[in-house]
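If you're matching them up, the sequences are chains A and B in order.
Note that this note's numbering has the first sequence beginning at 891, numbered continuously upward.
Note that this note's numbering has the second sequence beginning at 891, numbered continuously upward.
Simulated from the structure, these hints should not be mistaken for laboratory data.
Do not take every clue at face value.
Put simply, identical chains are the same to the list, so a pair is met inside one copy or across any two.
Here are the simulated DSSO-like pairs of lysine-lysine, each with C-alpha atoms no more than 27 angstroms apart in a straight line [to be verified]:
(1) Lys1151 / Lys1127
(2) Lys1067 / Lys1235
(3) Lys1067 / Lys937
(4) Lys1275 / Lys1374
(5) Lys1235 / Lys937
(6) Lys1388 / Lys1376
(7) Lys1388 / Lys1302
There are 2 protein chains.
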Amino acid sequence: YHRLSIMSTRYSRGYSNNENKCLKKWNANGKMREKSLTMDTLNPQVKAVEYAVRGPIVTKAGDIERGLQQVTTTYLPIILTIHINTSCLYVQVVALCSFPELLDSSSFPEDAKQRARRILQGCGGQSLGSYSASQGVDCIRQDIAVYIEQRDKGVPADWDNIYLTTGASDGIVSILKMLVSGQGRSRSGVMIPIPQYPLYSAAISEMEAVQINYYLDEDNCWALDINELHRAYQAAKEHCHPRVICIINPGNPTGQVQSKKCIEEVLHFAYEENLFVMSDEVYQDNVYSPDCQFHSFKKVLYEMGPEYFNTVELASFHSTSKGYSGECGFRGGYMEVLNLDLEVKAQLVKLLSVRLCPPVSGQAAMDVIVNPPLPHEPSYLQFHKEKRAVLGALAEKAQMTEQILNTVPGIKCNPVQGAMYAFPRIFIPPRAVEEAMSLGISPDMMYCLRLLEETGICLVPGSGFGQREGTYHFRMTILPTTEKLKVLLEKLRDFHIKFLKEYASLEEPKR
Amino acid sequence: YHRLSIMSTRYSRGYSNNENKCLKKWNANGKMREKSLTMDTLNPQVKAVEYAVRGPIVTKAGDIERGLQQVTTTYLPIILTIHINTSCLYVQVVALCSFPELLDSSSFPEDAKQRARRILQGCGGQSLGSYSASQGVDCIRQDIAVYIEQRDKGVPADWDNIYLTTGASDGIVSILKMLVSGQGRSRSGVMIPIPQYPLYSAAISEMEAVQINYYLDEDNCWALDINELHRAYQAAKEHCHPRVICIINPGNPTGQVQSKKCIEEVLHFAYEENLFVMSDEVYQDNVYSPDCQFHSFKKVLYEMGPEYFNTVELASFHSTSKGYSGECGFRGGYMEVLNLDLEVKAQLVKLLSVRLCPPVSGQAAMDVIVNPPLPHEPSYLQFHKEKRAVLGALAEKAQMTEQILNTVPGIKCNPVQGAMYAFPRIFIPPRAVEEAMSLGISPDMMYCLRLLEETGICLVPGSGFGQREGTYHFRMTILPTTEKLKVLLEKLRDFHIKFLKEYASLEEPKR
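Okay, chain A solo, but in the shape it has when bound:
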């Protein structure tokens, strides 16, 4: 098994490298000069962090792309990064804000200039180059509040509850950080969906909180089942203090869109059990299934009446990185936090102020996202044409991905109702499972490594997101162009069939 030994060597690169462990030198006084920071003395919480989205597979893919690693067969660099060919308006406004002399140029539409002028007026020194307030630029926070009110059909939004963040991740980590306390059985527990976006599990590890898994129902299009929430909560109560429930809607990596009824159930549950609610709604503009609609947790909470709306603590998160813009490099985002205790709010502002402010260009990009052009503005037609094109293509690719994957024997894919990913279940033959175990890696990791080496396609193994034991998945974005995605799905199908055949032809594993 030459191939396997290669794989095993490669996988271990940088992960179990011991060559410098014994680097000790004698210093002037005859004492040993050891490294002060080794795997033995590293913060154990840092060691515990796992983050598959940028894990070994993606590192390896990057190495391959940069020619640092050779692949054994035909090489096709399809590394699925998030990038959308985005509307002009975002980048026009950011360019204008960055270099305001361009405001005199006739090559920009007037509405881009108006937006840029408004943002600059809110910035210190009228420049993106100054720090902003820690909560973000006031006028951008006001625009966000207006956006939320419109999105939620008039549910009131107070810009004092809006905080600009460095992508959504920054906000999520900040809120979690506030909620972690206690020791032993009173240590804070954080309920997260499984499968989940691994930022949650990474932050929980780093903060030494207790991760409480509630499993999404794969047989029911990854829906959230309220009985499973109760089960997970009751079981966790035995050994920790459940304080927060996190929901990702639309789901990452699972792509489901939650029904209004289900959101009501979650909010009622949070109300009854005194949980803080964190709703990750970064894919709110990415809903493709005609049967589905995005409902914000806030709007549903409002409709449940003041008894709920005035009490349940809810933080919801949005970002510039998804939607139909995909401006992830600017690291823009915001959170809206409802019903926060006033003293705690001052603590939150203090905590956020330690990082001074979120990148101001990301704040500017966020402003355009919540403030798209109106019918009378010059950018309107172009912007909405681009938006329709991006969302239309994503909807088409969501459907195509599901369909093609479901033609492959041993792959079963739920509908991609929203977000940007398919998360199909894959059958891995017992012989392959055993082989992976003997290499000390998870079977879906081995699957994805082989896929990368043999086809250049970079997918993230399901084990990085969490999955029911004995099931295997991968996450795949639907972001390449339709043509490219089709080629890619076909290559994937061929690989999968070959993989199944290869392991079926091997003798049965000994038990």
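Dock chain B against the given chain A, drawing on the hints supplied.
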């Protein structure tokens, strides 16, 4: 004392607001619905964080500026934020990278376009809008390595050791996070200068590490005294495990520039005691005293010989936010980490990857900072004229600030050798000290609050940075224009004299 009661009320606003503490509601089942997150259930580490640079004084100044708070006397909004009227080239390159269609415009110099093209080629999808690698864009890391080699007169720099960060703060927090471990007497101790930039103390509180203070020598221009390092280390060893030494050079808030000899002593000490060295060099371009010169810790380490250069673990930090550019809103920065254990390095990359990537526009700005125009390039003359003007004005203001402050009875200011701040010692009369104590605030906080209310000048009290007990200071930036700064210093002088007179005329405090 009407004034004081106002001050006291204002100070308490948002800091001891108890009005919503009793917000309890009965839920449907007759249970109480309490807030899940209150001061009692907040993460105690978050509560412990202090961050004066954006503390109550700055919050209050912002409220005044936005008309949310009235001031009793003439109002003059001099809130000293960091903003430098910066060179075109930075913002031109960021604008070009943001909106690459501008590359066809004739209104940009060719060298700005070349830089933008090079950066874009290194970016995913040739766009600032995509995530970059977690360590940053490769070609920018390469440019940084070249810059460091030139700065350090040929000391080799490997771009594999360079990590782009979200401002310098992000890098500092990430490195500290790796180094914190152990419990009780083996808990990690972090040596920091006093006075210090409060990011350090805030991060230490948040991570529950042990803060080890070494005091800078105010009587000797805030120099670092190696005997004081030994004293602090030996004392700390009794109750924790000192693992890191942090140095800020040039100093924030103290403005001193470290001599080469002193850096050698620190590095020798770190070598002997097996400490990880963190050198915060964000003000490396801000040296004004003709007698002083910036020496990087790395260069000095190199000159101490391979025994040191190949063993001492050193992380040094730089940023787009200072220097002669002051592009703080872009949140650009980098760190170079030497002699890191290879396995630990993989852990660092993993940790950084959880936040996906630093803002790509900040990375682009960093690239221009390390890659200024060369003599044959069209932007050269303009750029260097601007650079000289900015640094010349800062040097002039550094001197003027020291001189004017030293004419005021009861204020004593060390030379502002570098960085962007004066940190003068102020005499606060015993009666004023007692009054502050009775209000439950530090005397320099009371001083700065009154200064803000009576003159609109916003300074940060020394207690936010740390100071020897019984001494009082404030931090003041030298960033306003020369004319404005002069007016400001005169107003400050008048205030100080009035303040002294007022408290001298009061009866002596009863003891």
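List in ascending order the numbers of the hints, as given earlier, that are violated by the structure. Violated hints: none; all satisfied.
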